[in-house]
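Could you build all of it, start to finish, from the sequences and the hints given here?
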Amino acid sequence: MKKDLLKRLLISATVGVVITLTLFVGAFGSVQASSTTNVSDSKQQLVDIVLRPKSQKTLHKFVYDSVNPNSSSYRKFVTPGTFSKRFSQSPSKIKALKNYLHKHHLKAQTYKGNLIMVVKGSTKNIEKAFKVKLVNVNNGEVKFQKATSNPKLPKKLSKVVYTIFGLSNYSPFSSNKVAYQPSSLHTITPHSATSGASKKYSPIRFVNRYKLQSLYDKGATGRSKTIGIISFANFHPNDVYRYWDDEGINVKSNRLSIYRTNGYKGSWDGYDESTIDVEQAGAIAPDSNIRTYIAKPNIIGMVNSIAAAVGQNVADTLSLSWGQSEAQVAYEMKQGITPKKYNQIMNLLFEQAAAQGISVFTATGDNGAYDGITTGLTTGLSVDTPSNSPYVTAVGGTTLPKTYTVNKKKVSITKERAWGVEFLYPNYKHQRFFGNLDMLQSFFAGSGGGFSRYNPVPSYQKGVSGIGTYNAIKLWQFKLGQPVLLKHAVKQSGKKSGRNLPDISANADPNTGYSMFITPKNNRNSKGQWLITGGTSIVAPQMAAASVLLSDFNTTGRLGFWNPQIYKFAKRSDSPFKPLDSRTNNTNLYYTGQPGKLYNQATGLGTVDFTALNKAFNE
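In full-length UniProt numbering, the protein residues as written are 1 to 619.
What the hints contain is simulated information worked out from the structure, not anything from laboratory work. Backbone N, C-alpha and C define an ideal beta-carbon position, used for all residues, glycine too. Do not rely on the hints blindly, as some may be mistaken.
Derived CB-CB ranges, DEER-like [unchecked claim]: (1) K61 with R209: 34 to 40 Å; (2) K103 with Y216: 55 to 61 Å; (3) K103 with S73: 28 to 34 Å; (4) K402 with S465: 26 to 32 Å; (5) P69 with T36: 54 to 60 Å; (6) P595 with K85: 47 to 53 Å; (7) Y74 with A330: 49 to 55 Å; (8) E619 with K199: 32 to 38 Å; (9) V135 with K159: 49 to 55 Å; (10) K85 with V314: 16 to 22 Å; (11) R209 with V411: 18 to 24 Å; (12) T37 with Y74: 53 to 59 Å.
The calculated lysine-lysine pairs, modelled on DSBU-like cross-linking and capped at a C-alpha distance of 35 Å, are [unchecked claim]: (13) K93 with K43; (14) K409 with K578; (15) K410 with K429; (16) K61 with K415; (17) K218 with K496; (18) K128 with K146; (19) K340 with K57; (20) K159 with K76; (21) K155 with K57; (22) K409 with K474; (23) K93 with K103.
Listed below in structure tokens is the structure:
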């Protein structure tokens with residue numbers, strides 16, 4: 001989760017080992033009565049209409065055929081124009097919808113691919129066209145806009161419409177990153193390119209550990225490729241260039257570009273996330289271009305940025321490090337904040353990306369198996385969305401070998417394992433926290449993973465050992481919605497349905513993480529500072545960058561949808577993946593490894609040997 005960088009300073013004090021945590025519930029936990037007022041008639045609105053594909057079945061088949069070597073459609077990825085002709089609504093039906101909106105004095109345009117139509121106009125005209133009433137809600141903690149009923153269109157037009165959303169402007173998204181300020185756990189001083197700290201925490205750690213060097217040796221640099229970064233915050237380009245320069249990476253001066261979705265000027269809330277994403281992606285693929293899509297941090301911003309990126313078809317890979325828990329989505333749907341078909345909307349967009357050969361990588365979250373617990377809405381196991389989509393490669397986290405002093409005793413992590421901080425729990429009884437939020441972020445730090453409640457098991461996961469079964473170590477129980485640490489951990493095993501995530505994993509623990517360079521938001525009179533940071537959101541852009549390196553050896557220039565391919569590779573005797581299957585010292589705060597099986601919900605298929613993966617992709 002994104003947090004203020006200063007919140008990570010931990011001060012010694014005494015807290016009980018067994019604790020009952022009072023949740024930080026934010027906007028949703030207020031007991032104050034909500035008040036509503038009418039939205040001004042003249043206020044300008046932005047609404048999205050999601051258009052139905054001609055045939056979901058046909059689209060689904062093509063997506064899978066495009067990455068099947070036995071299909072005639074193998075790697076014959078389509079352009080947005082071809083996608084529109086083959087899978088989207090006809091121009092005449094789109095024109096009829098636009099004409100209706102124009103009659104109500106609304107402007108309408110579609111992103112290339114014709115899945116998303118953006119509608120702009122005054123509140124008064126939006127209300128008339130969609131037969132809704134818009135109100136401002138104030139519950140004492142947060143203010144947002146919502147519709148008092150579901151939007152409607154004339155029956156004839158509604159047949160081509162999948163759903164309508166954007167009438168709510170609530171902003172739920174947070175980044176899946178944990179940033180450490182120098183603290184009792186981590187002390188990193190400013191450094192130069194030649195310092196030990198720089199080398200130890202540089203992207204070279206990712207390169208060496210996961211065997212990327214062979215790709216560089218063969219000439220891979222990401223040349224003529226573009227990595228797309230979906231984000232919601234501005235960043236200082238000078239920070240990024242300073243970082244690359246310190247790492248000894250010579251890059252072209254014009255490799256960065258920014259697309260401001262719907263003309264959004266940007267916010268600095270979360271600028272550290274945007275900064276680290278761009279720094280890491282550009283370091284791993286030094287000759288690639290980086291295009292960042294920045295939008296308002298709400299659902300319409302998320303959807304429009306993805307639709308823009310896919311419609312432009314410039315990015316060969318996309319990295320997305322922002323999301324929310326399925327538990328939070330469920331609450332927002334109930335409150336009318338989030339459209340009930342949100343999950344399907346995201347899947348449609350990712351299907352378009354897959355059809356065009358764009359590989360998408362998402363972060364699974366940093367609250368272990370309890371994604372989004374800091375919102376107060378997660379009262380049990382939950383996974384992240386959009387990582388729950390079957391059309392993205394969900395990236396989880398590990399931690400690397402390291403020795404810690406825990407409760408005055410040496411504790412050694414001897415081999416790479418799932419990222420989870422349960423071995424640090426004895427230390428926390430000596431910590432004083434700034435508040436309940438800081439407490440939750442400390443206890444619930446680990447790689448996201450588990451089972452989706454919204455998406456079924458995709459076909460590529462069926463038949464893979466470990467899918468649908470699980471081993472776990474229960475550390476927490478929930479009483480009246482509050483997490484309580486058990487005195488004694490309980491081993492569990494069982495079966496569950498739903499899309500399993502993550503798909504793959506790599507080092508994400510801030511304690512074994514990566515350096516970043518960043519200056520304050522206002523960038524005034526500051527030389528900036530070096531920090532060590534971590535989170536699954538760092539691994540997502542690293543994987544996106546590695547993907548463009550792999551595609552340097554591909555005549556089509558793109559690898560397409562990873563998952564149907566990598567799950568086949570995992571079944572081979574020369575699998576490019578190393579399962580982290582131990583049941584001990586290998587947990588994401590609930591799920592553990594499954595000995596002898598290819599998959600587990602703590603680390604997915606495991607870590608990647610990119611030398612072997614390159615051979616598998618390009619043989």
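### Message
Next pair to validate is K128 with K146; report whether the Cα-Cα distance is within 35 Å.
### Response
holds, 15 Å
### Query
Does K409 pair with K474 here, judged by a C-alpha cut-off of 35 Å?
holds, 24 Å
### Hinted pair K340 and K57, Cα distance within 35 Å
holds, 21 Å
### Message
Would the hint linking K61 and K415 be met if the CA-CA limit is 35 Å?
### Response
Cα-Cα ~41 Å, so violated.
### Message
Holds or violated: the 49 to 55 Å window for the beta-carbon distance between Y74 and A330?
### Response
violated, 38 Å
### Task
Starting from the hint 18 to 24 Å, judge whether the C-beta atoms of R209 and V411 obey it.
holds, 21 Å
### Message
Quick check: does the Cβ-Cβ distance between K103 and Y216 fall within 55 to 61 Å?
### Response
holds, 58 Å
### Task
Look at the Cβ atoms of K402 and S465 and judge whether their distance stays inside 26 to 32 Å.
holds, 30 Å
### Query
Given the hinted pair K159 and K76, is their alpha-carbon gap at most 35 Å?
Holds, at about 31 Å.
### Query
Does the Cβ-Cβ separation between E619 and K199 fall within 32 to 38 Å?
holds, 34 Å
#### Entry: Agreement of K93 and K43 with the hint, judged by alpha carbon distance not exceeding 35 Å
Holds, at about 29 Å.
### Task
Please test the hint of 34 to 40 Å on the beta carbon pair from K61 and R209.
Holds: the Cβ-Cβ distance is about 38 Å, inside 34 to 40 Å.
Hints 3, 7, 9, 16 and 17 from the earlier list are contradicted by this structure; the remaining hints agree with it.
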